[in-house]
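Participant: The primary structure of each chain is shown beneath.
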Amino acid sequence: MTTYSFDDDSVVIIIGSGAGGGTLANELCQKGIPVVLLEAGERQSPATFINDEWPSFAQLSWGDTRTTSGTWQIAKDFPNLPAWICKTVGGTTTHWAGASIRLQDHEFRARQMYGEVKGANLLDWPLTLAELEPYYALAENKMGVTRTNDIPGLAGNNNFQVMYNGAKKLGYKECSTGHMAINSRGRDGRAQCMQLGFCFQGCKMGAKWSTLYTEIPAAEATGKLDLRTQAHAVRIEHDAKGRANAVVYADAKGQLHRQQGRIVAIAGNAIETPRLLLNSSSSMFPHGLGNGAGMVGKHYMRHTTGSVFAEFNDPVHFYRGTIMAGLISDESRLDPDRGFVGGYEMETISLGPSFMAAFFNPGAWGRDFTRVMDNYTHLAGMWLVGEDMPRDTNRITLSDTKDHLGIPVANVHYDDHPNDLAMREHAFKQGSAIYEAVGALKTHRVPPYPSTHNLGTCRMSLKEADGVCNKHGQSHEVPNLFISDGSQFTTSAAENPTLTIVSLAIRQADFIEQALKTKAA
Amino acid sequence: MQELKVNRRRFLQGSGGLLLGTLMFGSGPIALLAPSRSWAMEMHTLPSDVASQLLLVVRRIYPHDRMEDAVYAFSVKALDESASADPSVLPQLVKGLAELDALAGGKWSSLDENQQVALLEKVQHSDFFKRVRGTAVNSLYSNELAYEHFGYEGASFPKGGYLMRGFNDLEWLPAAPADASPSAF
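Taken in order, these protein sequences are the chains called A and B. Take the first sequence: its position 159, counted from the start at 1, is 159 in our numbering, and no numbers get skipped. Positions in the second sequence are counted from 1; adding 521 to them yields our numbering.
Hint data in this document are derived by calculation from the structure and do not stem from the laboratory. Keep in mind that a hint or two might mislead.
[Stated by the list, open to error] In the DSBU-like style, the derived pairs of lysine-lysine whose C-alpha atoms are separated by at most 35 Å in a straight line are: (1) LYS471/A with LYS402/A; (2) LYS628/B with LYS402/A; (3) LYS31/A with LYS429/A; (4) LYS616/B with LYS118/A; (5) LYS429/A with LYS651/B; (6) LYS442/A with LYS616/B; (7) LYS651/B with LYS402/A; (8) LYS402/A with LYS168/A; (9) LYS76/A with LYS680/B; (10) LYS118/A with LYS76/A; (11) LYS402/A with LYS680/B; (12) LYS519/A with LYS76/A; (13) LYS31/A with LYS402/A.
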């Protein structure tokens, strides 16, 4: 096991080991670059993952307190749990469902294509689809995405079969088991999916791609990776020239350590990444590190989400098999005639009784609620996920509440934009119609879960005044500071973000390698 | 099933009470699992009468007519654990139950179901109700007896997943074509 000393200032320090940080760490190590990877959580494995919802949630999730405000329903339903993300080696790639879809060309140019949207701060990405395409291809190969690289699609389960038949009745054309980073055949030393139905709980087959058992062991094998678990970054420090030069982190006992480094890359998710920058203020950076333009924490996006569950006369057993077994992409197009800009995907979802009870209608009780639960085996379900509007008022700030180290926690403020509401309404109607077309006895609109897609709080921008980083994730203000997670997203687009986060991380690794040679970072 | 065994020593020491019951549905899924029709669950902190009243409150909050009391007992056990960890919980629960009795003008538990529910609606914004409901929703539906009740098959990894056990056994709709849903092999 490789260990670098605390005063080794040649290392790249990466904070967070999920889709962004875990991938970046491996890519850099493969290039021979020394990496210290700080992960706040513990290390699990497919052997220790638990096929039971609440015990697994306790094992993997980020349960540290956060606070909320705003008109979004999460602030009422889950005031201290705005996000459903992970604190464990592999980050939220342990929990994600595997959907791996490229963003569409027009989504990179949202401001240009959608025009001015009142109450939103739309901006074009400083990056085009064409520029990212080669990296998408690398990411798809790395992750083993189905329907790419001659990998067959997955077999659909019962929940997908219900969705598929409803979709056809409505005339939808793009419905299949989709592009999933789940092995439909054994590949890359990992097993074939056995349709366990516990994608959210960490895949015990290792069939679903996670940095935990792909990127991180590959990086360790190079001898260049020093992975430190239960190492929670609390502050990034800088030198007199304003260059990042160290990360202070707390170990499991709360003991602080200071690791020096050549470059710092943050991939702590779009809530913790801005929190860390805001908590790293100094006399040179009074509003937080890299926050000269005042943009750190702003434009928090979490996708316009909701679910539709339907009760049927006949059994579905929707919990059997992959959670996101298939999707409908027809509504992901840009078509403002529907009453909103941007689009959305419809993806199957299933929950066990534990999570159904908690999330179906938070706070509900009595017979209307229990009647649905009693029909559990006869339910089908889908998740609706669409582009939400970036707003400078939707933002991460430092809360008055402090964590166990006395450091302010993140407050997550979100108000739904009228465009978000119009899209959700449309998606609810279409989702219900799909199930009614195949004989649903009753359909239910289920409000958003705590956010798994957290985006935009350190966004990429062409102009320094409009965002936090450039098209390589490099801070506009601190040249050796990088944003390496979904915080970089200029807009949310409709698609599940992981594939894009991984693609950006591969691209960023190439940039960092060059920048180290040319001293451009 | 471990939870249902009475720890004899703990029972004799007796800081908390004991929830006792009999399975109602002799041929139901839980009776088929259980070694006996009678069950008991020990309490560390809650007295027996408080525990049994709370069980009825949880049953009225989440009424599943064909669900055994033995499943509801898991929520009472979760409340007992809260009360053991935090000394302010037991007084809150006792006070909440007393308020229901006061509203009932006698024993709340003696009212008919509709009246019981009507009084619960009156107190649904109280801290007592929020604690009981919030604890119940995360415990009643998260145990193996509940999984049996709802027909959920629980952990699938030990059984090799559902690939060979019905992940695509739905017969009341046409199968999706192979381009949308390829064969698994």
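Participant: Compare the structure with each hint and give your call.
Facilitator: Status of each hint after checking the structure:
Distance check on the hinted pair: LYS471/A and LYS402/A sit about 33 Å apart at the alpha-carbon level, within 35 Å; holds. Only pairs whose Cα atoms come within 35 Å are accepted, and LYS628/B paired with LYS402/A is rejected, the gap being roughly 45 Å. Restraint check: the Cα-Cα separation between LYS31/A and LYS429/A comes to about 50 Å, which exceeds 35 Å; the hinted pair is violated. Distance restraint check for LYS616/B and LYS118/A: the Cα-Cα separation of roughly 52 Å exceeds the 35 Å cut-off, and the hinted pair is therefore not satisfied.
Note on LYS429/A and LYS651/B: the hinted pairing holds, with a Cα-Cα distance of about 32 Å set against a maximum of 35 Å. With a C-alpha separation of about 40 Å, the suggested pair LYS442/A and LYS616/B falls outside the 35 Å cut-off, and the hint is violated. For the given pair, LYS651/B sits about 25 Å from LYS402/A by alpha-carbon distance, which is consistent with the 35 Å threshold. A hinted pair counts as satisfied when its Cα atoms are at most 35 Å apart, and LYS402/A with LYS168/A does not qualify at roughly 51 Å.
For the hint pairing LYS76/A with LYS680/B, the CA-to-CA distance comes to about 39 Å; that exceeds 35 Å, so the pair is violated. Straight-line distance between C-alpha atoms of LYS118/A and LYS76/A comes to about 26 Å, which keeps the hinted pair within the 35 Å bound. Using a Cα cut-off of 35 Å, the hinted pair LYS402/A and LYS680/B is violated, with the two alpha carbons roughly 44 Å apart. Using a Cα cut-off of 35 Å, the hinted pair LYS519/A and LYS76/A is violated, with the two alpha carbons roughly 49 Å apart.
With a C-alpha separation of about 39 Å, the suggested pairing of LYS31/A with LYS402/A is violated against the 35 Å cut-off.
Taken one by one, the earlier hints fail for this structure at numbers 2, 3, 4, 6, 8, 9, 11, 12 and 13, listed in ascending order.
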